[in-house]
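**Student:** Sequence:
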Amino acid sequence: MMLDVERLDETCIKKLANEEVLAIRLKSFLPEPLAIELGDKILAPGFEGYINAPSIGRIGMAFYEAENQPLLIEDYFERATRNIAELRNRCAPYSSPVDTLRCMLDESWPAGAHLENLYGRKMYVGLSRVVKPGVCFLAHHDIFAKDAPDSFQARSLEAQFACNVYLNMPTEGGALQMWEDDITPDQFDEMRGDSYGIEPSLLGPPALEVRPQPGDFIMFNSRRMHSVTPGVADPRLSLSFFVGYRGNASPLTFWS
Numbered sequence: 000m001m002l003d004v005e006r007l008d009e010t011c012i013k014k015l016a017n018e019e020v021l022a023i024r025l026k027s028f029l030p031e032p033l034a035i036e037l038g039d040k041i042l043a044p045g046f047e048g049y050i051n052a053p054s055i056g057r058i059g060m061a062f063y064e065a066e067n068q069p070l071l072i073e074d075y076f077e078r079a080t081r082n083i084a085e086l087r088n089r090c091a092p093y094s095s096p097v098d099t100l101r102c103m104l105d106e107s108w109p110a111g112a113h114l115e116n117l118y119g120r121k122m123y124v125g126l127s128r129v130v131k132p133g134v135c136f137l138a139h140h141d142i143f144a145k146d147a148p149d150s151f152q153a154r155s156l157e158a159q160f161a162c163n164v165y166l167n168m169p170t171e172g173g174a175l176q177m178w179e180d181d182i183t184p185d186q187f188d189e190m191r192g193d194s195y196g197i198e199p200s201l202l203g204p205p206a207l208e209v210r211p212q213p214g215d216f217i218m219f220n221s222r223r224m225h226s227v228t229p230g231v232a233d234p235r236l237s238l239s240f241f242v243g244y245r246g247n248a249s250p251l252t253f254w255s
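Take 0 as the starting number for the sequence shown in numbering that gives the first Met the number 0 and just add one per residue.
FYI, nobody ran anything at the bench for these hints, they're computed from the structure.
Treat each hint with caution, since some may be false.
Straight-line distance between alpha carbons at most 30 Å, and here's what the computed DSSO-like set of lysine-lysine pairs gives [as the list claims (entries may be wrong)]:
| no. | residue 1 | residue 2 |
| --- | --- | --- |
| 1 | Lys13 | Lys121 |
| 2 | Lys131 | Lys40 |
| 3 | Lys13 | Lys131 |
Starting from the given sequences, assemble the full structure and let the hints guide the process.
**Tutor:** Structural data, given as structure tokens:
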């Protein structure tokens, strides 16, 4: 279910793509003291709530928030470069962990890796996501073709992975939960109604539950249902983005 690795490489990425595992974990990708310091620096200037999930905080704008609305899509692209620079500025004088991971993916995958291009424009990468104490991040899946249904680029993905670097963690809770059974987009939309996600208890026991430590990096199959358990006392902060896989001979792409 979960594969612990010493480094990101072609083999572990293929295991994810072939659904041999649900997730891979690189423990202590960042030293814990550095992860916590970066988290404090990123949180200090504040953050906003998601447009369509206001209980979850974020710095930057996720593409799925646009919900195929032209004005919001334009806002997303207009902000993209500025939001990438904002994360770098908040991490300074340290390098952005997202930039480091972008380089590692490019170096480890034979066909390389680059920023996703949609509608002829480069996408944003590097969302900072904040889950406040006591908030359950509802079960959901992430499928690029749902967010950009008129795009061949989005529909061409053979697999999609979520990547998270964990910076600040609550004293208890904040575990990643994943389910192995697939749910179609239509089933998910019917179950969630007007909400962004589903109450995790409706899905039965998760196939995987892992509580990351500050500095850990986890990459998992985002097309499977996943949620985050409520945390205690402190916020849970992660830097997140998606990776698109289009076969072994094609470059990986990343976006938020």
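**Student:** Mind checking the alpha carbons of Lys13 and Lys131 for me, to see if they're no more than 30 Å apart?
**Tutor:** Given pair Lys13, Lys131 is violated - Cα atoms ~34 Å apart, limit 30 Å.
**Student:** For Lys131 and Lys40, compute the direct alpha-carbon distance and say whether it is at most 30 Å.
**Tutor:** OK: Lys131 and Lys40 at ~17 Å, within 30 Å.
**Student:** Run the distance test for Lys13 versus Lys121: straight-line Cα separation, threshold 30 Å.
**Tutor:** holds, 25 Å
The structure is inconsistent with hint 3 alone, although it conforms to all the rest.
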